Structures are given as C-alpha cells and as structure tokens.
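K.L.:
Sequence:
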Amino acid sequence: GWRGAIQNLLIVQRSAGGDRAFEFSSAGNRTAQTPPVGQPTAAVTRNTTPHISNATIVARDTGGDAIVLNSGEGTISLVDMAARKETARIPIGKEPHHLMATPDDKHLIVANAVSNNMVFLDPDSGQPGRRIERISNPYQIGYSPDRKYFVSASFRLNQTDIYEAATFKLVKRIATAKTPSHIAYDAGSSLTFITLQDSNEVAAIDLATQKELWRVKVGPVPAGIWMTPDDKHLLVGLTGADGVDVIDWRK
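Residue 558 in the working numbering sits at position 30 of the sequence shown, and the numbers go up by one each step.
Hints in this document: simulated from the structure, not taken from any laboratory. Worth double-checking, as some hints may not be accurate.
[To be verified] Label pairs and their calculated CB-CB ranges:
#1 Arg701 to Asp608: 23 to 33 Å
#2 Glu740 to Gly657: 30 to 40 Å
#3 Glu601 to Arg684: 15 to 25 Å
[Unchecked claim] Below, computed lysine to any residue pairings styled on SDA-like, alpha-carbon distance capped at 25 Å:
#4 Lys676 to His625
#5 Lys739 to Ser718
#6 Lys676 to Ser653
#7 Lys697 to His635
#8 Lys739 to Ala769
#9 Lys697 to Arg659
#10 Lys745 to Ser717
#11 Lys745 to Ala769
#12 Lys706 to His625
#13 Lys622 to Ser599
#14 Lys697 to Asp714
#15 Lys697 to Ser718
#16 Lys700 to Asn728
Just so it is clear, the structure is predicted and the values come from calculations on it, not from any experiment. Note that CB positions come from ideal geometry on N, CA and C, so glycine has one too.
Put together the whole structure using the sequences plus the hints.
P.N.:
Structure representation (structure tokens):
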C-alpha cells in the first residue's frame with residue numbers, strides 16, 4: 529500500500545472562511561550553540577509538536593481530501609480524509625519531494641527532483657495539468673512574497689536557482705554547498721534563506737543582486753526553515769537533533 533515513508537502531505541481542509549495556504553515543519557529539542565562573532569545570533573527554543581517533515585495546507589470551503597507524495601515510486605495518492613481511504617494513485621514524475629500552493633491558491637505545484645520539472649495540479653480534483661520542464665533538480669521550491677522571484681533549492685546538485693516567477697526563466701544559478709534543502713524569505717522579498725544540510729549552515733542570498741551575503745552555523749542537519757510573523761527571526765528545524773535553532777537574521 530501507500531503507507532511507506534511520506535515526504536510531504538497536502539491536506540485540503542473544507543471550512544467556511546475563504547482560501548488560505550501555509551506550510552509547516554517541526555522538530556524537538558536540543559542544546560544551544562554559540563555562533564562565531566560577526567554572524568547572526570543562533571539561539572534555541574523548545575518544540576514538542578509531532579515530527580512532520582513538511583506539509584502544505586490549503587483551506588477551502590467544500591469537501592475534504594489529502595494529496596500525498598510517494599517519492600519512491602513517483603506518484604501521488606489522493607486520500608479521502610473522512611473515509612481514510614486512498615481513492616486514486618497518479619503517476620507524476622521521478623522523486624516528487626515537495627509541493628506547494630501557488631500564491632493565488634488556484635494550483636498545487638509538485639517539484640519532481642529527478643525529472644527536472646514541476647507539475648501543476650488542480651487542488652480540487654488532484655489531476656495533473658501544466659508541466660514546466662528544465663527546472664534543474666527542484667527539491668524545495670517557493671515564491672518570494674512579492675511574487676517576483678521563484679527559488680528552487682537543488683539538494684542533489686549543491687545549487688540554488690533563482691527564476692523569474694512569471695516566466696520561470698532562469699535568472700541566476702548560485703553554488704550553495706553543501707546540500708541546500710529548504711527556503712524562507714524576509715517579508716520585503718529582499719533576501720532568501722537556504723538551509724544547508726550537510727554543512728550545518730543557513731545561507732542568506734540577496735535576491736536583487738543574486739549574491740550570497742553570509743552563512744551562519746546551526747545544529748546538525750538543518751531542514752525546514754520559517755520566518756516568524758513579525759519578520760524578526762528564522763526558525764530552523766534540526767533533523768539531526770531534537771531542536772529548533774532561532775536566528776536573529778538582522779544582526
């Protein structure tokens with residue numbers, strides 16, 4: 529069945545209150561580290577939520593389904609949440625690892641890391657539609673808040689690609705060893721932040737100049753990264769330890 533390792537889960541929740549889209553990651557607890565002088569401050573907070581690697585949740589006003597990525601076999605599963613039953617399994621591409629809602633919530637984008645492409649899904653039916661080719665090893669993906677840029681972290685190739693969001697034309701390819709994993713942005717769309725799993729770092733890239741500005745050491749195997757709602761701190765989930773590092777990125 530489809531109960532193997534699940535990389536990502538998309539839940540389409542049905543409730544009155546309009547369309548919303550957000551993502552989350554989680555981890556546990558760990559010991560604090562002191563970063564080198566001159567780099568952003570890394571501190572640690574506690575988190576006791578369940579271990580979920582990544583999820584995108586889209587709230588709509590009817591129904592109740594989930595879309596699950598089966599990375600190993602290159603398919604997606606459509607799951608009836610009320611019946612707790614898989615209703616369909618659809619070929620999607622090689623190694624789909626992440627998915628996200630488009631800024632207008634009209635489509636879901638599945639990033640096929642080994643197929644080097646992205647597939648747009650209908651969020652209500654789960655059926656594939658538009659396919660964007662020549663996206664190099666898209667592992668984690670994301671639009672900048674101003675929707676000007678689209679960033680892809682190429683986990684296998686040690687690079688971060690910046691595209692024009694409207695056309696998916698490559699603007700810049702930036703070497704970001706080692707093992708770029710997840711993406712976050714500041715509210716003003718000035719910077720993108722990338723976790724580097726095998727060097728235990730977070731890198732900051734200026735979106736206007738497409739240049740790396742700094743790196744900071746964090747805990748072991750950093751993965752999910754999120755900006756706090758007040759735009760003051762980055763939260764970095766550590767998959768190699770039970771903890772979350774908190775970075776004051778403006779210092």
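K.L.:
Check each numbered hint from earlier against the structure, then list the numbers of those it violates in ascending order.
P.N.:
Per hint list: 1, 6, 8 violated.
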